[in-house]
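First to last, the sequence lines map onto chains C and V. Our numbering applies: residue 1 is where the first sequence begins, and numbers increase by one. Our numbering applies: residue 1 is where the second sequence begins, and numbers increase by one.
Think of the hints as simulated: they come from the structure by calculation, not from any bench. Misleading hints may appear alongside valid ones.
[Unchecked claim] Listed next, the stretches of chain C that the computed footprint assigns to chain V, with coverage defined by at least 3 CB atoms under 8 Å from CB atoms of chain V:
| # | stretch |
| --- | --- |
| 1 | 95-109 |
| 2 | 163-169 |
[Stated by the list, open to error] Restricting the straight-line Cα-Cα distance to at most 27 Å, the calculated cross-link-like pairs of lysine-lysine (DSS-like) are:
| # | chain 1 | residue 1 | chain 2 | residue 2 |
| --- | --- | --- | --- | --- |
| 3 | V | K68 | C | K167 |
| 4 | V | K169 | C | K75 |
| 5 | C | K169 | V | K69 |
| 6 | C | K167 | V | K33 |
| 7 | V | K167 | C | K103 |
| 8 | C | K167 | V | K75 |
| 9 | V | K97 | C | K167 |
| 10 | V | K75 | C | K103 |
| 11 | V | K33 | C | K76 |
| 12 | V | K99 | C | K169 |
| 13 | C | K99 | C | K76 |
| 14 | C | K75 | C | K97 |
| 15 | C | K163 | V | K97 |
| 16 | C | K167 | V | K76 |
The C-beta atom is built at its ideal place from N, Cα and C for all residues, glycine as well.
Protein chains: 2
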Amino acid sequence: MEIHILRLGHRLPRDERISTHVALVARAFGAGKITYCGQHDSGLEDSISRICARWGGDFAIEYSSSYKKVISQYKKHGYSLVHLTMYGLPVQDVLSKLKLEEKILLIVGSEAVPGDVYESSNYNVSITNQPHSEVAALAITLDRICSGAELEGIDFGGKIRIKPSAKGKEFV
Amino acid sequence: MEIHILRLGHRLPRDERISTHVALVARAFGAGKITYCGQHDSGLEDSISRICARWGGDFAIEYSSSYKKVISQYKKHGYSLVHLTMYGLPVQDVLSKLKLEEKILLIVGSEAVPGDVYESSNYNVSITNQPHSEVAALAITLDRICSGAELEGIDFGGKIRIKPSAKGKEFV
Numbered sequence: 001m002e003i004h005i006l007r008l009g010h011r012l013p014r015d016e017r018i019s020t021h022v023a024l025v026a027r028a029f030g031a032g033k034i035t036y037c038g039q040h041d042s043g044l045e046d047s048i049s050r051i052c053a054r055w056g057g058d059f060a061i062e063y064s065s066s067y068k069k070v071i072s073q074y075k076k077h078g079y080s081l082v083h084l085t086m087y088g089l090p091v092q093d094v095l096s097k098l099k100l101e102e103k104i105l106l107i108v109g110s111e112a113v114p115g116d117v118y119e120s121s122n123y124n125v126s127i128t129n130q131p132h133s134e135v136a137a138l139a140i141t142l143d144r145i146c147s148g149a150e151l152e153g154i155d156f157g158g159k160i161r162i163k164p165s166a167k168g169k170e171f172v
Numbered sequence: 001m002e003i004h005i006l007r008l009g010h011r012l013p014r015d016e017r018i019s020t021h022v023a024l025v026a027r028a029f030g031a032g033k034i035t036y037c038g039q040h041d042s043g044l045e046d047s048i049s050r051i052c053a054r055w056g057g058d059f060a061i062e063y064s065s066s067y068k069k070v071i072s073q074y075k076k077h078g079y080s081l082v083h084l085t086m087y088g089l090p091v092q093d094v095l096s097k098l099k100l101e102e103k104i105l106l107i108v109g110s111e112a113v114p115g116d117v118y119e120s121s122n123y124n125v126s127i128t129n130q131p132h133s134e135v136a137a138l139a140i141t142l143d144r145i146c147s148g149a150e151l152e153g154i155d156f157g158g159k160i161r162i163k164p165s166a167k168g169k170e171f172v
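Just chain C, with the same shape it has in the complex (with noise of 0.2 Å):
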């Protein structure tokens, strides 16, 4: 399955290290691609690629000014549109669904998510209906569509490769 993300609405400074972490979730959970949208930041494009550079995978990131264009081209190109919101129906309920598209765009909004963003998805979907967390909601999200084989390890083939340990940090 082919998984891209869309981040809604990224404000400078606040969202810096939200966005950083949404997009860091993204690419270690296994999905190829992330679009933001709201203020453009070269500091979020610069630390996503020096990551990428490290450790490795075909993760890409891009700006766009105008989600309505990122929204309509993914629809084109035959991708199910699944906005994850607390006011969404349950992962749980909707999972063997979303398990058998081939390819999705999974939306992830900040602040305030405009209507027509609801309007437009295939699927609003809610990991629990409590406030939490956009890079929680993506996690949970991508480990269940995925059925948890991201943990299992992907093999990024970067330069840094960690060698798992009781105590301590040890690298390959």
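With chain C fixed as given, assemble chain V onto it according to the hints.
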């Protein structure tokens, strides 16, 4: 199972939002309390307390100027210490042991975690060996330890409750 969280090295303004997300994930996924170290932050405490007042639950937040003291207190009270780190043993390999514990202190770091935290911990546990996010690591760990029970809905008894919806925002 009783699960508390220790958040290390909170820095202002850098960690404001990440620590808020860590605390909200802890609450939404069933932990009872978070203690944070580093810089004292009444804004963090206020925002978590406000969420609890509106959304319910008994989640507590507390500051300590000494993580060593927190760790030794929890050890004394019989908690098993589980440090989440990308260098640790894969969560899927230690999960069956973690599920047998009655009381767990989950430790999440910020950038540089002191060596004695690795040493003091009963388990150093990784959620993939790739760099991503302590917010995501905490969410996945809580989700797995509790076998996804929190996704099925803890009753927080809050003033506000969401009614899951395919489109838009609905409240009970």
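Structure-based check of all given hints:
no.: 1; hint: 95-109; result: violated (count 0)
no.: 2; hint: 163-169; result: holds (count 6)
no.: 3; hint: K68(V) / K167(C); result: holds, 18 Å
no.: 4; hint: K169(V) / K75(C); result: holds, 23 Å
no.: 5; hint: K169(C) / K69(V); result: holds, 24 Å
no.: 6; hint: K167(C) / K33(V); result: holds, 26 Å
no.: 7; hint: K167(V) / K103(C); result: holds, 21 Å
no.: 8; hint: K167(C) / K75(V); result: holds, 18 Å
no.: 9; hint: K97(V) / K167(C); result: holds, 17 Å
no.: 10; hint: K75(V) / K103(C); result: violated, 47 Å
no.: 11; hint: K33(V) / K76(C); result: violated, 46 Å
no.: 12; hint: K99(V) / K169(C); result: holds, 25 Å
no.: 13; hint: K99(C) / K76(C); result: holds, 20 Å
no.: 14; hint: K75(C) / K97(C); result: holds, 18 Å
no.: 15; hint: K163(C) / K97(V); result: holds, 21 Å
no.: 16; hint: K167(C) / K76(V); result: holds, 21 Å
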